[in-house]
Amino acid sequence: MISNLYEIAKEKVVFSVLDGIWGMEGEGPSAGIPRNFGVIFASEKAAVLDFIASQMMGFSLEQLQ
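In my numbering, the protein residues as written are 516 to 580.
Simulated from the structure, these hints should not be mistaken for laboratory data. Every clue listed holds true.
Pairwise CB distance ranges, derived in the manner of DEER restraints:
{"no.": "1", "residue 1": "Gly-553", "residue 2": "Glu-522", "range": "29 to 35 Å"}
{"no.": "2", "residue 1": "Gln-580", "residue 2": "Ile-523", "range": "18 to 24 Å"}
{"no.": "3", "residue 1": "Asn-551", "residue 2": "Ile-523", "range": "30 to 36 Å"}
{"no.": "4", "residue 1": "Gln-580", "residue 2": "Ser-558", "range": "18 to 24 Å"}
{"no.": "5", "residue 1": "Glu-577", "residue 2": "Asn-519", "range": "17 to 23 Å"}
{"no.": "6", "residue 1": "Ile-523", "residue 2": "Gly-547", "range": "28 to 34 Å"}
{"no.": "7", "residue 1": "Pro-549", "residue 2": "Ser-569", "range": "18 to 24 Å"}
{"no.": "8", "residue 1": "Lys-527", "residue 2": "Gly-553", "range": "25 to 31 Å"}
{"no.": "9", "residue 1": "Glu-540", "residue 2": "Phe-566", "range": "19 to 25 Å"}
{"no.": "10", "residue 1": "Ala-524", "residue 2": "Leu-579", "range": "16 to 22 Å"}
{"no.": "11", "residue 1": "Met-571", "residue 2": "Pro-549", "range": "15 to 21 Å"}
{"no.": "12", "residue 1": "Ile-567", "residue 2": "Val-529", "range": "16 to 22 Å"}
{"no.": "13", "residue 1": "Leu-576", "residue 2": "Asn-519", "range": "16 to 22 Å"}
{"no.": "14", "residue 1": "Glu-522", "residue 2": "Gly-547", "range": "29 to 35 Å"}
Where a beta carbon is used, it is the ideal one built from N, C-alpha and C, also for glycine.
Start from the sequences and build out the full structure, keeping to the hints where you can.
In structure tokens:
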């Protein structure tokens, strides 16, 4: 799970950037449609970055667990 990777690397990761300029909408990656979302997210805490981005994509907290 990705949270395990954060735990291992938390001492080394200083700043995380998530590129959401181009993404895949629908049933990606093979059947999705490329879409220009035009966003960039950044945070000092990678888990917070993932949470905020997932909320903006419409996922609930229950879907992330």
